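Visitor: Residues per chain are reported as follows:
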Amino acid sequence: MKTLIVNPQKCLGCMQCMFACATAHSQSKMPFQASLEKPLPRSRIHIGAGQMNEGFPNRCRHCDPAPCLLACLTGAIYRDHDTGSVLIDPEKCINCASCAMACPFGAIRFFTYHSAFGNKTIAMKCDNCMDRRAQDKIPACAQACKTGALTFETLESASKRKTNAIARTISPQGQELSDCQLSDEMNLYNAYKQQLSALC
Amino acid sequence: MMNQNKYQQKTITTDGQLLLKKAEQDQIETVWDRYEEQLPQCGYCEMGLSCRVCMMGPCRIDPFGQGPQKGVCGADADIIVARNIDRMIAAGAAAHSDHGRDLVEVLFKIGKGKAQGYEIKDSEKLRRFAAEYAIYPEDGDNDLSIASKLARALMDEFSTCQSEIFLTKRAPDKRLNLWREAGLIPRGIDREIVETMHRTHMGVDNGWQSILLHGLRTSLSDGWGGSMIATEVSDILFGTPQPQTNAVNVGVLKPDQVNIVVHGHNPVVSEMILHACSLPETKQLLDEKGAKGINVAGVCCTGNELLMRHGVPVAGNHLMSELIIATGAVDAMIVDYQCIMPSLGAVAACYHTKMISTSDKARFPGMVHIEFHPENALNQAKEVVKNAIDNFSNRGDIYLPVEPVTSVGGFSVEAIIKALGGTPDPLIDAIKGGKIRGAVGVVGCNNPKIKHDHGHVTLTKRLIENDILVLDTGCAAIANAKAGFKVAESIQYAGPGLKEVCGALGIPPVLHMGSCVDNARILVLASALANALQVDISDLPLAGAAPEWYSEKAVSIGCYFVASGVYTVLGPMPPITGSMNIVKLLTDGLNDVVGATFAVEPDPEKAADLIQKHIESKRQALGI
Amino acid sequence: MKYIIIGNGIAGVHAAESIRHIDTSGTIQMISDETTSPYSRPMISHVLAGFTDSQKIHIRPPNFYAQLNIEPLFGKRITQIDIPKKQIHLDANTLDYDRLLIASGADPRPINAEGQDLQNIFFMRTVAQVLQIKKALLKTKRALVLGGGLVGFKAAYGLMHRGIPVTMIIGSQYPLSMQVDPTAGHLILESLRKKGLDVRVGLSVTSFEGKQTVQGAFLSDGTHLSCDLVIIGKGVLPSKAFISDNDIQTQSGILVDQHMTTNNPDIFAAGDVAQCYDIVRQSPWINAIWPEAVLQGRIAGANMTGKSLTHKGSLGRNVIRMFDLDILTAGLVNPPDNSSYIVISDHNARNRYYRKFVFNNNRLIGVVMVNHIEQGGLFLSLIVNQIPIQFPLKNFLTRTFHFGKMLKK
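Residue numbers (the working numbering), protein chains in the order written: chain A, 1 to 200; chain B, 1001 to 1624; chain C, 2001 to 2409.
Source of the hints: derived by calculation from the structure; they are not laboratory data. There could be a bad hint or two in this list.
Quick look at which bits of chain C chain A covers, simulated, 3 or more residues with Cβ under 8 Å [stated by the list, open to error]:
{"no.": "1", "segment": "2171-2184"}
{"no.": "2", "segment": "2244-2251"}
{"no.": "3", "segment": "2291-2298"}
{"no.": "4", "segment": "2349-2363"}
{"no.": "5", "segment": "2395-2403"}
Straight-line distance between alpha carbons at most 20 Å, and here's what the computed PhoX-like set of lysine-lysine pairs gives [to be verified]:
{"no.": "6", "chain 1": "B", "residue 1": "LYS1125", "chain 2": "B", "residue 2": "LYS1149"}
{"no.": "7", "chain 1": "B", "residue 1": "LYS1449", "chain 2": "B", "residue 2": "LYS1606"}
{"no.": "8", "chain 1": "C", "residue 1": "LYS2211", "chain 2": "B", "residue 2": "LYS1006"}
{"no.": "9", "chain 1": "A", "residue 1": "LYS137", "chain 2": "A", "residue 2": "LYS92"}
{"no.": "10", "chain 1": "C", "residue 1": "LYS2394", "chain 2": "B", "residue 2": "LYS1021"}
{"no.": "11", "chain 1": "A", "residue 1": "LYS162", "chain 2": "A", "residue 2": "LYS146"}
{"no.": "12", "chain 1": "B", "residue 1": "LYS1006", "chain 2": "C", "residue 2": "LYS2056"}
{"no.": "13", "chain 1": "B", "residue 1": "LYS1070", "chain 2": "A", "residue 2": "LYS146"}
{"no.": "14", "chain 1": "B", "residue 1": "LYS1449", "chain 2": "C", "residue 2": "LYS2056"}
{"no.": "15", "chain 1": "C", "residue 1": "LYS2211", "chain 2": "A", "residue 2": "LYS92"}
{"no.": "16", "chain 1": "B", "residue 1": "LYS1109", "chain 2": "B", "residue 2": "LYS1149"}
A short list of chain A residues far from chain B (calculated; beta carbon distances all over 10 Å) [unchecked claim]:
{"no.": "17", "residue": "THR3"}
{"no.": "18", "residue": "CYS14"}
{"no.": "19", "residue": "MET30"}
{"no.": "20", "residue": "ASP82"}
{"no.": "21", "residue": "GLU91"}
{"no.": "22", "residue": "GLY118"}
{"no.": "23", "residue": "ASP131"}
{"no.": "24", "residue": "GLN135"}
{"no.": "25", "residue": "GLU156"}
{"no.": "26", "residue": "ILE170"}
{"no.": "27", "residue": "GLN195"}
{"no.": "28", "residue": "CYS200"}
Please read these numbers as outputs of a predicted model, since none were measured by experiment. Ideal placement from N, C-alpha and C gives every residue a C-beta, glycine not left out.
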């Protein structure tokens, strides 16, 4: 089954995924109109600044077992058995933050959502783009990402890509650019970011 | 690093640390807060790989090799990075050159009697400069008529009617010929900037080398054009700087006087303010309000201009501008243009400080606009001063937790030659003999990506410890003054050779040469040294450094230093890492074209090593 | 296999589910002194405040027992456990067990004050008690809350939300003194008082007075306060009266090892009654909180079927969102004055948040967060998994600290 795979090494912090996620969870699903909606749609993927101030995409991993699901006082957090996605029922959530206290990845935020009754603030996190999947579309963040930091594929295919890349580097002809080998440009950029962050 | 508190992590300056704490308690958002919110900044843009030049885009190139490798038009990474750099150069050159143009306008209008309050302060320099343009006094000529004629000639430098910017003749012949042969000679100040915008339009110049070469040419139209004209005309109108004492840091604000802070760049505004403060009608207003006096202090380059000519104290540099307002002691802050953060109005709204903008080119949120033109400048200045004095009674609590640091500034080239006894020989002998190993221009801005003032001060310290004379301008000069490098006693920080020479001449080991347009003074000095040794600028044991730069102006300055033959080390990395070809050209290949290169080194200790090695290798090549 | 679970709270429920997940044929009996089906105890404060009603706080559907083939025995209390015979005695019955889980929870700690038998003096532990409080609220003019801990805090919030003037009497200098440090405590105190809560510190109630219902209270400083409703939240004590010390080892609670087993291999304990190894205290301790009960119940249940799951250790932790303040705490937040502990903190006056971190042996052992608590789970994970910290500690203090900051590139 295809799933959202994150390759943090490739994140450039452009935040197009956040933009796409918010738009995908708006009422209009169109960027300009979405920016005028009340409440404003919010992203469920969060790009933070890593140790070198590089981008790091953080989202819900839909864990199994899910600490948030076990911690939820009201049973608002449940699992969709078809996709394995961990979802939050806006009706039952009481905004107690027990889930946030349990999430080892800090993936949960609290805001209101257009289908949350009475504009109440509730726990929100990635919902694996269930609506888009139902229309045969891939998750919005993977669609937006141009570097391959977020992809929508099976775990096997992602692993295979990685092992192929490693195999190429040790083969006699293996000099080409691969997943593992970064370009000279990326190496220079990364070295500079490392140096700058070490000075702070 | 744990023992540094969160304020010490942002700045090395005591007044900065204390005011950061106050700003936090006063709920003021600072530039550092906004920088943190922006992280992570987009890697495409940091690498120069995003392009917004046309609406077939916007485009970006994936540096990981899998996403798009070309923009919609077909431009690859080299072209996109080159175009982006050129536009930065153009913007920076435009800022300096427009500043120069405003001064030329005043010079012209003085001649017509339409520049109220302005006068020719340095008549000798006026005539000397005019003579460079083959303008000699005829019968009936006075300063005003010479000024008009000179202004006309300077206006031509901005135009299309020349094939070479005249002031490039000040460079050594070898350098001039190199420029001519490389196609780098700038033809007109506005022309080169316009051509940059033309070339970087979609579908014009798509050769990454030719794009960059034109960029270097544009930067030369700034350094040997717009900036140089700005400096010379400012000297003519307001006086050529001579060494005098001044003071630096927020302690220059006075608890019992009306404090006016001038921020921005062009002395056409700040000089008028200063003038208006000394008028008798001002004294009367002060008495009425019960203020003991009126105190003008500067921020950034306009502060440097007043410091250089009048010894006016400087309250701080770029990153300090919000914190200075947070003292609560600023009755009015007057701004013109460049490096003025649009956040200042919001900061001032939390105190009694009145923010006044003065340039029709520069509006800001939360500021009252009192527009200055050459015709009305003095009247507007009086209005501004009255506003400030009126506001004095609205002061709340003030926080001035430090004593000002004394410093000596005003080292124009004329002043340096004078200090050397009338010729550059003592300096040349000291360099030849090795007591002074070489000289470095430490210039440029502040940037929250580098701990405030740490880059400037650390680099300067290492250099002077190693008998390298430091000439500084801009925010760097303010940082070094604040660090105490600019009094006679500062020679204690210098190595034995530098200590001896500076001690004998009675000058500090770090010479405050002025504002950012005054980097042109460094070019003039470098030319004088090169001519005396009969070599090119690129042969001299010189270097440039911009340890904490942020602005597009700095990109232009860096380029014109390198294009003039001066090896220049940058602290923050410019957006070039997206193209290894361009990185290699700028850090290596340019040696074959202009005899100098860039280097990037954010750690000032390591930057000092690079510069030292460079200077020693130049000395060796010269056989000294 | 005969499984008996004493207790109908969340520990018992998760244990039952664990057992049934593994053993589909064994019999499971669940005994409870409450008569309602399992409900979310932390939500009773929401019932008090009026955010929800008692019918909406159940955590399992009505057919829960039938679906899992569990025999519920409600309204019964255990009188004795006969260990050699492997039997438990209820009021009238005796039941056999092969594996026994004691998840009897805790009862409110009594206080030392005269006049406690007056009407309208309540504890707030069960939904039944909250329903009684709600009835009495119709006539309440002024309420008194004893205790600044979690129960007292939530009780005060609920009453204030209903527009009832409340005075909170606490023994320490600031509320939540078991959870927070002095800095956070004073921030909280300030915030409560700004909201109109009358908080008296360093005091206790010595006696209540009134005719049949309470009408006032005398405080330890001699002052008198009128009140017509009292809620006591002075902590809880494990419900282990039916256990004889000779048979099962106890301290403050029933001692269990990392498999949730007591000193008797067929008897397990989980939840508020169990005292197990605390990760940061590094000694047996009771952390009477919901997520612990969940985890311990799951492990105990699985191990009752013969598995050997290990509990890393419990961790005290809480998150509270009320009075416009968000507070998250975990572990040891007031370490002894000892150079082996590293403490870093930041009170950001502009963003109005406070964070404090306590480290020992290069591992995080305690955290206090006031506001911007959304990513607190990161810190808990570091504590629970005892991860050695390999990045600059000052990173913890930034509001933008997140998972990516912990990874080396």
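Visitor: Please go over all the hints and tell whether each is borne out by the structure.
Guide: Quick rundown of the hints versus the structure:
1. Against chain A, the segment 2171-2184 of chain C contributes 0 residues with a C-beta closer than 8 Å to a partner C-beta. That does not satisfy the three-residue criterion, and the hint is violated.
2. Residues of the segment 2244-2251 of chain C lying with their CB closer than 8 Å to a CB of chain A number 0, which falls below the three-residue condition for coverage.
3. Evaluation of the coverage hint for the segment 2291-2298 of chain C: fulfilled, as 4 residues show C-beta separations to chain A shorter than 8 Å, against a requirement of three.
4. With a threshold of 8 Å between beta carbons, the proposed coverage of the segment 2349-2363 of chain C by chain A is violated, since 0 of its residues qualify and at least three are required.
5. Counting residues of the segment 2395-2403 of chain C whose CB lies closer than 8 Å to any CB of chain A gives 4, which reaches the minimum of 3, so the coverage claim holds.
6. A hinted pair counts as satisfied when its Cα atoms are at most 20 Å apart, and LYS1125(B) with LYS1149(B) qualifies at roughly 14 Å.
7. The suggested pairing of LYS1449(B) with LYS1606(B) holds, with an alpha-carbon distance near 17 Å, which does not exceed 20 Å.
8. Restraint check for LYS2211(C) and LYS1006(B): not satisfied, since their Cα atoms lie roughly 60 Å apart, outside the 20 Å limit.
9. The suggested pairing of LYS137(A) with LYS92(A) is violated, with an alpha-carbon distance near 28 Å, which exceeds 20 Å.
10. The hinted pair formed by LYS2394(C) and LYS1021(B) meets the criterion: a straight-line CA distance of about 17 Å does not exceed 20 Å.
11. Between LYS162(A) and LYS146(A) the alpha-carbon distance is near 18 Å, which keeps this suggested pair within the 20 Å criterion.
12. The hinted pair formed by LYS1006(B) and LYS2056(C) fails the criterion: a straight-line CA distance of about 47 Å is larger than 20 Å.
13. Restraint check for LYS1070(B) and LYS146(A): satisfied, since their Cα atoms lie roughly 13 Å apart, inside the 20 Å limit.
14. Restraint check: the Cα-Cα separation between LYS1449(B) and LYS2056(C) comes to about 53 Å, which exceeds 20 Å; the hinted pair is violated.
15. With a C-alpha separation of about 43 Å, the suggested pair LYS2211(C) and LYS92(A) falls outside the 20 Å cut-off, and the hint is violated.
16. A threshold of 20 Å between alpha carbons decides the hint, and for LYS1109(B) with LYS1149(B) the separation of about 11 Å falls inside it, so the pair holds.
17. Distance check for THR3(A) against chain B: the nearest CB is about 19 Å away, which clears 10 Å, and the non-interface claim stands.
18. With a least beta-carbon separation of about 4 Å from chain B, CYS14(A) fails to lie farther than 10 Å from that chain, contradicting its non-interface assignment.
19. Consistency note on MET30(A): stated as away from chain B, and its beta-carbon is indeed over 10 Å from all of that chain's, at 18 Å minimum.
20. The claim that ASP82(A) is not at the interface with chain B holds, since no C-beta of that chain comes within 10 Å of its own (minimum 31 Å).
21. At roughly 34 Å from the closest C-beta of chain B, the C-beta of GLU91(A) stays outside 10 Å, upholding its exclusion from the interface.
22. No Cβ of chain B approaches the Cβ of GLY118(A) within 10 Å, the least distance being about 30 Å, so the stated non-interface status holds.
23. Even its closest Cβ contact with chain B, about 26 Å, leaves ASP131(A) beyond 10 Å, as expected for a residue assigned away from the interface.
24. For GLN135(A), the requirement that its beta carbon stay farther than 10 Å from each beta carbon of chain B is met, with the minimum near 24 Å.
25. At the 10 Å boundary, the C-beta of GLU156(A) stays outside the reach of chain B, the nearest C-beta of that chain being 19 Å off.
26. For ILE170(A), the non-interface assignment is confirmed: its Cβ lies about 19 Å from the closest Cβ of chain B, beyond the 10 Å cut-off.
27. Some Cβ of chain B comes within 10 Å of the Cβ of GLN195(A); the nearest lies about 6 Å off, and the non-interface call is violated.
28. The beta carbon of CYS200(A) is not kept farther than 10 Å from every beta carbon of chain B, the shortest such distance being approximately 7 Å.
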